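Peer 1: Spelled out, the chains give:
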Amino acid sequence: MKTMFHIGRYFVFMFQVFSKPEKHKIWFRQFFREVQSLGLSSTGIIILVSLFIGAAITIQMAYNITSPLVPDYVISLTTRDTMLLEFSSTIISLVLAGKVGSNIASEIGTMRVSEQIDALEIMGINPASFLVSPKILAFMFFIPFLVIISMFVGIAGGWLSAVFVGVISPQDYITGIQLYFIPYYVTYSIIKSLFYAFLIVSISSYQGYYVSGGALEVGRASTRAVVYSIVLILTFDLILTQLLLS
Amino acid sequence: MIVVEGVNKTFNEAQILKNVEAKFHPGKVNMVIGKSGSGKTVLLKSLVGLHKIDSGSITFDGRDFTKMRTKEKIAIRKEVGMLFQGGALFDSSTIEENVIYPLDMFTNFTKAEKLKRANFCLERVNLTGVNKQFPSELSGGMQKRAAIARAIALNPKYLFCDEPNSGLDPQTAIVIDKLIQEITKEYGITTVVNTHDMNSVLAGADSVVFIFEGHSWWHGSRTDLLDSGNPELDDFLFSSELMRRIRPTKQHK
Ligand SMILES: Nc1ncnc2c1ncn2[C@@H]1O[C@H](COP(=O)(O)OP(=O)(O)OP(=O)(O)O)[C@@H](O)[C@H]1O
Ligand SMILES: [Mg+2]
Chain A
1 MKTMFHIGRY FVFMFQVFSK PEKHKIWFRQ FFREVQSLGL SSTGIIILVS LFIGAAITIQ
61 MAYNITSPLV PDYVISLTTR DTMLLEFSST IISLVLAGKV GSNIASEIGT MRVSEQIDAL
121 EIMGINPASF LVSPKILAFM FFIPFLVIIS MFVGIAGGWL SAVFVGVISP QDYITGIQLY
181 FIPYYVTYSI IKSLFYAFLI VSISSYQGYY VSGGALEVGR ASTRAVVYSI VLILTFDLIL
241 TQLLLS
Chain B
1 MIVVEGVNKT FNEAQILKNV EAKFHPGKVN MVIGKSGSGK TVLLKSLVGL HKIDSGSITF
61 DGRDFTKMRT KEKIAIRKEV GMLFQGGALF DSSTIEENVI YPLDMFTNFT KAEKLKRANF
121 CLERVNLTGV NKQFPSELSG GMQKRAAIAR AIALNPKYLF CDEPNSGLDP QTAIVIDKLI
181 QEITKEYGIT TVVNTHDMNS VLAGADSVVF IFEGHSWWHG SRTDLLDSGN PELDDFLFSS
241 ELMRRIRPTK QHK
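Chains as they are written, first to last, in our numbering: chain A, 1 to 246; chain B, 1 to 253.
By construction, these hints were calculated from the structure, which means they are not laboratory data.
For clarity, every value in this text was computed on a predicted model and none was experimentally measured.
It cannot be assumed that every hint is accurate.
Partial selection, computed: residues in chain B whose CB lies under 8 Å from chain A [stated by the list, open to error]:
| # | residue |
| --- | --- |
| 1 | A22 |
| 2 | L50 |
| 3 | K52 |
| 4 | G56 |
| 5 | I74 |
| 6 | K78 |
| 7 | V80 |
| 8 | M82 |
| 9 | F84 |
| 10 | Y101 |
| 11 | P102 |
| 12 | M105 |
| 13 | F106 |
| 14 | F109 |
| 15 | E241 |
| 16 | L242 |
Ideal Cβ placement from N, Cα and C applies to all residues, glycine included.
Build the full structure now, drawing on both the sequences and the hints.
Peer 2: So, in structure tokens, the structure goes:
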């Protein structure tokens, strides 16, 4: 019952979010602000996480593949495909759900409890559209860049572990990442990430928008935003993988 | 003039406003008084359509707000300024940007014109030299004043203030009260002020509505207030030591 209520209200909310903006100039100003605050500011964490995971995957692969029958370049090939297929889209989005999702829910939630959303409404602004649509589109616009950055950095991380840990020779590593490269994997990851970006921002905005009460509820909403985003990202991972890869 | 007739409002089965009747006059400071939780904020938010009322009517100079569609409501909202109980300044924008917001939305002013208007409003509330600061960097009283500046940016015909001086020291409270009175008279604004501060009522109310448990229990002028003979109103008024001291004695009558 409660779930149905939320799903219904979520769709009504989305309908409000995508109604026509009042002033285009202001909309674009908000859009660029959000590209900065949701997208650009996430680059650091994405680089950090990708670099380390790329290195770790390479090292783990090297320890797992001990058979002399398997050539060394399989290690880097596997690292590359793990990054391309799953890590740089899904896992990165889980990380972003934590960072961006909680940020959005607490920002909008605080605006709700401190009556800033009412103040927007009094000024004749549709707060849902004004606050949320630039966020959704800005993040969907930027997430492909994050995905691609993550792919490059992850693969570079693997190479660094080849050079500094020496689990595989750098030459083999370079050979491996060039073998059997399937460009569609990149497209597939980017398509997935667009869905994830939409889910993260819309769910977190919804959670923030309907907060009532005070700081405690804002905190709860931001936890819910992260949890629901993660659950839905994983659900959509299954659905999209089935649809796009089979 | 704003006319409120038979307004009812329920939240999850709890009836908060019960058949509320009131008239708010132009060029006057119309005060709504009542205990905490009596429904003042709900009434004010219902007036501007932030809460949808269950029944009754609210007319702004003959225009029935409750029957309007969103488009028409927006036309009235251009004429409305509102000061929220907590100020409700946008905390990711500077003070200047806050005051410019409504101008961005509703006017085609150039940048220079908007800035000029914003500065005029900020000067009007005696708040200068903080244009580039963020709301969190200002004191409570300064935030309230900035919020008033924003509320008057579009030269509103109707001004709603929810407890403009709560949480302020008595001196600053008086400054804010004075300011609201002055702009009301100066521009002939229909001003509605929620308060439970008896100082501001006695100093500046042109008319008073007393809300008691969601009913519009009593209304009249500030001079009638002290000897209304209404027990619930007296209870509310003379709850403080200070007010008991100025209570008119029976012999006076
Ligand atoms: N959005 C809401 N949902 C449910 N109940 C609400 C809502 N807003 C207000 N109420 C209830 O309405 C009643 C009146 O609240 P209101 O905020 O109008 O009081 P008030 O007279 O403004 O008090 P104060 O002087 O403390 O500001 C309270 O019991 C409150 O719990
Ligand atoms: Mg109140």
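Peer 1: Hint by hint, note whether the structure agrees.
Peer 2: Taking the hints in turn, this is what the structure says about them:
1. A22: 20 Å, violated
2. L50: Because about 5 Å separates L50 (chain B) from the closest Cβ in chain A, which is inside the 8 Å limit, the hint holds.
3. K52: 12 Å, violated
4. G56: 20 Å, violated
5. I74: 4 Å, holds
6. K78: Holds. Min distance 6 Å.
7. V80: At about 6 Å, which falls below the 8 Å cut-off, the nearest Cβ of chain A leaves the hint on V80 (chain B) intact, so it holds.
8. M82: Since the shortest Cβ distance to chain A is 5 Å, the answer is holds.
9. F84: 4 Å, holds
10. Y101: Given a least distance of 7 Å, the restraint on Y101 (chain B) holds.
11. P102: Because about 5 Å separates P102 (chain B) from the closest Cβ in chain A, which is inside the 8 Å limit, the hint holds.
12. M105: 5 Å, holds
13. F106: 7 Å, holds
14. F109: Hint on F109 (chain B): violated, closest Cβ of chain A at ~13 Å, above 8 Å.
15. E241: This hint is violated: E241 (chain B) lies away from chain A, its Cβ roughly 32 Å from the closest one there, beyond 8 Å.
16. L242: Since chain A brings no Cβ nearer than about 31 Å to L242 (chain B), farther than 8 Å, the hint is violated.
Against the hints set out earlier in the document, violations occur for numbers 1, 3, 4, 14, 15 and 16.
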